[in-house]
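**Q** Protein chains in written order, with this note's numbering: chain A, 460 to 799; chain B, 17 to 385; chain C, 2 to 280.
I should point out that these hints are in silico values taken from the structure, not numbers from a laboratory. Small disclaimer: the values here were computed from a predicted structure and weren't measured. Careful, some of the hints might be misleading.
Unchecked claim - A few chain A residues that don't get close to chain B, going by computed Cβ distances all over 12 Å:
#, residue
1, L480
2, T494
3, G513
4, S549
5, L646
6, Q649
7, W661
8, L705
9, R707
10, L710
11, K714
12, E715
13, Q745
14, A763
15, A777
16, K791
What the hints assert, rightly or not - Taking CB as the label site, the calculated pair distances span:
#, chain 1, residue 1, chain 2, residue 2, range
17, C, F50, A, E554, 54 to 60 Å
18, A, Y788, B, R198, 56 to 62 Å
19, C, R171, B, R198, 38 to 44 Å
20, A, L710, C, L12, 19 to 25 Å
21, B, S177, C, R171, 41 to 47 Å
22, A, P711, C, W51, 46 to 52 Å
23, C, D141, A, V570, 34 to 40 Å
24, C, L256, B, D126, 44 to 50 Å
25, B, D126, A, L710, 58 to 64 Å
26, C, D141, A, V690, 54 to 60 Å
27, C, A41, A, E554, 22 to 28 Å
28, A, A689, C, D141, 56 to 62 Å
Quick reminder that beta carbons are idealized off the backbone N, C-alpha and C, glycines included.
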Amino acid sequence: MVDSTAADEPAGGSLAVRRRLDRGDPSTFPEWFNTRKPRANLIVARWVPLALVGLPVLVLFCIVVYPTVWMFYHALHDTNMMRLFQSNWSFVGLENFQTVLSSERFGDSIVHLGIYLTFGAVLQVLLGAMLALILYELVKNNFLRVVLLIAMVLPMMLPPSIVGVLWKFLLTPSNGAVNQALLNLGLIDQHIEWFNAGMSLWAIIIADVWNWTALPLLIVYSGRVSLPPAVYEAARVDGAGAWTTLRRITLPMLKEVIAIAFIVRFMDAFKFVDLVFIMTSGGPAQSSELPAYIAFQRGIREFAIGEAAAYAIVIFIASAVLITLFLKYLKKVLKAQGFA
Amino acid sequence: MARLEIEGLCKGWDFPVIDRLDLTVEEGEFFVVVGPSGIGKTTLLRLVAGLERPDAGTIRVGERDLTGLPPYRRRVAMTFESYALYPHLSVFENIASPLRARGMAKAKIDETVMGVAKLLRIEQLLNRRPGEISGGQKQRTALGRTLVAEPDVFLLDEPISHLDAKIRHELRLQFHTLEALRSVATLYVTHDYAEALSLGDRIGVMGEGGLLQVGTAREIFQRPQHLFVAKHLGQPSINVVEASLGMQGDALHFAAEGAGLALPVAGPHSATLAGRDAGRITVGIRPQHVQVVKDGQTTNGSAVVEARVEMYEALGATGILVAESGGVRLMALTPPDAIFQHGEPVRLALRSEAFLYFDADSGRNVMVD
Amino acid sequence: MSKSNYGLVKLLFLTFMGLWLLITLFPFYWQIITALKSAAETNRTIPTFWPEVMHPENFIAVFAEASNFNALVDSFIIATGNTLASLFLGTLAGYAFARFPRQAGGENMAFWVLSNRMFPPVAVVLPMFFLFDATPWGTDSHITLIILYLVFNMPLATWLMMVFFRDAPRELEEAAYLDGYTPLRAFFKVTLPLVLPGMISVAMLCWIFAWNEYLFANLLVGSNVRTFTIVIPTFTHGSQSLWNLQMAFSLIAMLPPVILFILLRRYMVRGLSLGVVKG
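Let the hints inform the model, and build the full structure from the sequences given.
**A** Here is the structure:
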């Protein structure tokens with residue numbers, strides 16, 4: 460097409476006779492384009508990406524997928540410790556699920572979970588979001604702000620076992636600091652029995668709120684920091700008051716960030732079990748048991764493996780639904796950020 | 017012998033971007049590809065560099081077939097539009113990078129880098145990081161990195177378009193004088209036609225997935241073979257009039273479609289155009305060939321039309337007049353001292369022998385066929 | 002809203018925050034003063050809000066029992082081992098997802114890897130218990146936890162490294178190819194130095210999570226290997242309540258994560274919100 464030997468160039472240069480090519484109009488696409496095999500555009504060999512991903516995925520398969528399959532399998536069998544070692548279990552269909560779902564223990568634990576979600580997870584997000592905004596909007600000294608933030612977020616960094624022990628100690632009914640402080644302030648006139656049947660779940664929730672309010676606080680605070688100041692200047696020029704700015708600008712723009720904080724805490728709630736182990740062991744009389752705790756208890760302490768597996772599967776399915784929803788949402792948010 | 021030969025190059029993603037492109041750049045030639053942004057210029061460079069794989073076609077340098085080679089074995093150097101300097105390394109280390117890749121001895125590296133730095137006048141910056149130097153200095157550093165590599169082919173992607181005018185001019189001069197660039201095949205990509213015209217030994221105008229016209233600056237400017245080429249080269253851009261041909265008396269005229277403007281076709285053009293009478297035609301009139309005439313001024317070989325001023329931009333060295341005549345908007349280049357008022361009537365002289373005629377459908381210059 | 006009214010509301014909110022701050026810090030205060038009390042003083046019927054006699058030697062007395070020190074060592078070995086493994090695997094996969102998304106299994110694969118972070122441990126621990134039981138080293142060893150903590154740390158490392166690799170311009174790598182570096186050398190020459198700060202923060206984050214972990218440790222190890230997280234709740238066992246030593250020990254054990262957190266605040270947000278909030 461182009462003859463480009465400089466010597467015998469015709470006057471006016473060489474002319475390429477080109478067909479029209481309109482990117483929006485497939486009828487102008489050349490033949491080769493429609494028949495080509497789209498090629499991977501790689502500088503490295505084709506196997507390299509697969510090899511890079513292969514090892515981590517293999518590891519995840521061994522430590523996550525294999526156990527899940529194992530759980531599904533045994534949830535359908537009458538496996539217990541003895542039968543497991545004798546390799547002598549038999550298929551029982553959905554019997555384990557029936558046992559689990561119809562048991563009072565499970566029903567109670569679901570109620571506990573509901574209470575924990577409402578007064579734990581939800582309260583944490585509301586408190587955290589509020590504190591984050593108070594801190595950002597009302598404390599104007601930068602250094603003070605950072606110091607306060609670190610102070611309020613500190614509990615999150617503690618190992619759960621320390622949180623559990625610390626609060627067990629603080630809430631000790633007879634000579635705990637909390638009861639003594641409340642007595643001194645005149646808020647109560649006798650010790651609260653924090654670890655009695657009606658109260659132990661609340662003791663766990665108190666410790667958990669202390670522990671984890673920091674996470675939504677930190678997330679919302681960082682979200683607020685990264686909002687563009689230009690928007691706020693514009694609002695000020697328009698004469699919008701503090702409330703209007705909060706309602707019309709800050710909250711709508713932080714919607715996604717608050718949602719993320721929510722979902723993260725919600726998913727953790729299904730896994731949540733550490734403080735139950737340390738503070739109450741589910742007691743007294745199973746009054747502070749959560750589903751995940753029962754699964755551990757039945758499986759590892761009581762060796763009713765089939766039943767424990769059924770518990771785990773129920774939790775697994777609930778989490779899987781939540782995780783899927785979360786990931787969908789995350790994908791959307793990340794896409795909006797021009798990310799994924 | 018290292019001429020760059022590209023043959024039948026094809027590349028597309030969701031749509032074809034480069035379609036059967038052929039190009040030869042001789043050893044020592046400075047070839048500039050010019051075209052509007054998004055037309056596939058950078059893709060062309062990336063294909064030559066090996067950063068993308070072509071769907072079809074071959075790329076050869078001298079006797080070596082590069083098509084299947086990875087970029088690190090091509091002996092091709094490229095500057096990126098974003099400069100792509102390593103932010104964690106000093107200017108020295110950035111320039112030395114290709115030499116380190118080859119495992120050159122330390123003393124030799126120092127010597128080579130110093131030499132190039134001196135040439136580009138950045139020797140006082142060698143210890144700084146890319147974040148601490150200006151855009152022009154970054155570009156010099158990027159250039160230095162390609163120069164030390166002594167490649168068979170240089171690829172330069174919009175190397176000066178993000179710099180301010182003064183540095184741009186300085187670097188443009190530098191491209192003219194750099195011996196290294198002038199001794200191997202260089203492929204230079206830009207969207208700026210002035211840059212292309214001033215730098216290129218030859219210029220290729222890119223469009224429709226390939227090169228629409230290849231030639232020297234003068235050839236391309238004066239005899240654009242395609243309306244696309246004519247539109248893209250020249251500032252202010254060419255006046256385009258959709259018209260139809262017809263006889264008025266015994267002379268061939270064209271009349272602007274849906275407007276009152278009619279102009280004669282110059283004698284030398286009539287012969288070619290005569291066969292097309294009553295046919296549709298696209299006329300290109302460069303603003304340089306539209307002149308404002310005062311009353312009584314002679315207008316040798318020009319057609320004079322009455323017009324009304326719509327807008328005037330005084331640009332210092334020249335002025336750009338936008339005037340409307342018979343429903344057609346025409347741009348004219350004026351001397352710097354002119355002053356016009358909005359709505360003021362003016363007389364425009366159009367040099368009809370400099371008009372360009374393009375086929376209304378294919379956009380090709382009918383005078384060249 | 003009038004000016005004075007606004008000032009009042011402001012004051013109200015600040016008081017609320019002050020109150021919360023008090024609630025947040027009081028347990029730390031209690032932890033510290035208890036650690037300085039004598040054992041007898043901690044067991045009084047009416048607790049004291051300031052130690053009568055300071056006993057800073059509690060912090061040393063904790064280590065009179067060698068097992069306490071060993072617990073910190075065990076935790077350190079496990080956290081560090083797991084961090085290295087997570088970082089290695091996470092860097093491999095994160096790089097692949099960032100640079101060759103389609104060839105590495107696409108977006109869905111990346112999200113699947115991430116989903117494992119949120120996986121309920123209850124579905125994992127039981128089978129792993131029996132799986133590790135069948136290995137020559139049994140469940141009660143460092144390696145068990147090093148591997149098991151990958152369940153939550155590796156997806157995190159993968160995801161965050163992917164985010165960091167995406168932030169490192171691909172063009173720099175391409176420039177390195179043109180300089181003559183092979184992809185492997187280009188990675189070490191250009192990409193790795195660029196993501197190194199991010200990588201260090203990922204390492205610290207993983208390390209904190211592994212250091213703090215309680216559940217798996219509680220269920221799977223306990224006699225040969227004891228992490229401090231499972232040692233701390235057992236302090237009260239036996240004839241005597243050793244609140245003071247327990248608090249002293251927990252103060253020591255929580256120091257590393259707290260310090261790392263203060264250093265890493267900004268990355269922490271990114272890690273905990275999975276890259277959504279930049280921090």
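**Q** Hints first: check each against the structure and report whether it holds.
**A** Hint check:
Not every CB of chain B lies more than 12 Å from the CB of A:L480, the least distance being 4 Å, so the non-interface label is violated. Listed as outside the interface, A:T494 is inconsistent with that label: its C-beta sits roughly 10 Å from the nearest C-beta of chain B, within the 12 Å cut-off. Against chain B, the non-interface label of A:G513 holds: every CB pair exceeds 12 Å, the least being about 22 Å. Look at A:S549: its CB is around 56 Å from the nearest CB on chain B, clear of 12 Å, so calling it non-interface holds up.
With a cut of 12 Å on Cβ distances, A:L646 stays outside the contact zone with chain B, its closest approach being about 58 Å. Listed as a non-interface residue, A:Q649 keeps its Cβ farther than 12 Å from every Cβ of chain B; the least gap is roughly 65 Å. With a least beta-carbon separation of about 53 Å from chain B, A:W661 lies farther than 12 Å from that chain, consistent with its non-interface assignment. Non-interface call for A:L705 relative to chain B: holds, since the shortest CB-CB distance, roughly 38 Å, exceeds 12 Å.
Every CB of chain B lies more than 12 Å from the CB of A:R707, the least distance being 38 Å, so the non-interface label holds. Consistency note on A:L710: stated as away from chain B, and its beta-carbon is indeed over 12 Å from all of that chain's, at 37 Å minimum. With a least beta-carbon separation of about 33 Å from chain B, A:K714 lies farther than 12 Å from that chain, consistent with its non-interface assignment. No Cβ of chain B comes within 12 Å of the Cβ of A:E715; the nearest lies about 29 Å off, and the non-interface call holds.
Every CB of chain B lies more than 12 Å from the CB of A:Q745, the least distance being 58 Å, so the non-interface label holds. No beta-carbon of chain B is positioned within 12 Å of the beta-carbon of A:A763; the least distance is around 57 Å. With 12 Å as the threshold on Cβ separation, the claim that A:A777 sits away from chain B holds: the shortest Cβ distance comes to roughly 40 Å. Every Cβ of chain B is farther than 12 Å from the Cβ of A:K791; the closest lies at roughly 23 Å, confirming the non-interface assignment.
Between C:F50 and A:E554 the CB atoms are about 56 Å apart, so this pair conforms to the stated range of 54 to 60 Å. With their beta carbons about 58 Å apart, A:Y788 and B:R198 fall inside the hinted range of 56 to 62 Å. Distance hint for C:R171 and B:R198: a CB-CB separation of about 31 Å, inconsistent with the stated range 38 to 44 Å. The beta-carbon spacing between A:L710 and C:L12, approximately 22 Å, falls within the hinted interval of 19 to 25 Å.
Look at B:S177 against C:R171: about 21 Å separates their beta carbons, and that is not inside 41 to 47 Å. Taking 46 to 52 Å as the suggested C-beta distance range, the pair A:P711 and C:W51 conforms, at roughly 48 Å. For the pair C:D141 and A:V570, the supplied restraint of 34 to 40 Å holds, since their beta-carbon distance comes to about 36 Å. Between C:L256 and B:D126 the Cβ separation comes to about 48 Å, which falls inside the hinted range of 44 to 50 Å.
For B:D126 paired with A:L710, a C-beta distance near 60 Å keeps the hint of 58 to 64 Å intact. Under the hint 54 to 60 Å, the C-beta atoms of C:D141 and A:V690, about 57 Å apart, fit the expected range. At about 56 Å, the beta-carbon gap between C:A41 and A:E554 misses the expected band of 22 to 28 Å. At roughly 59 Å, the beta-carbon separation of A:A689 and C:D141 lies within the given 56 to 62 Å, and the hint holds.
The earlier numbered hints that this structure contradicts are 1, 2, 19, 21, 27.
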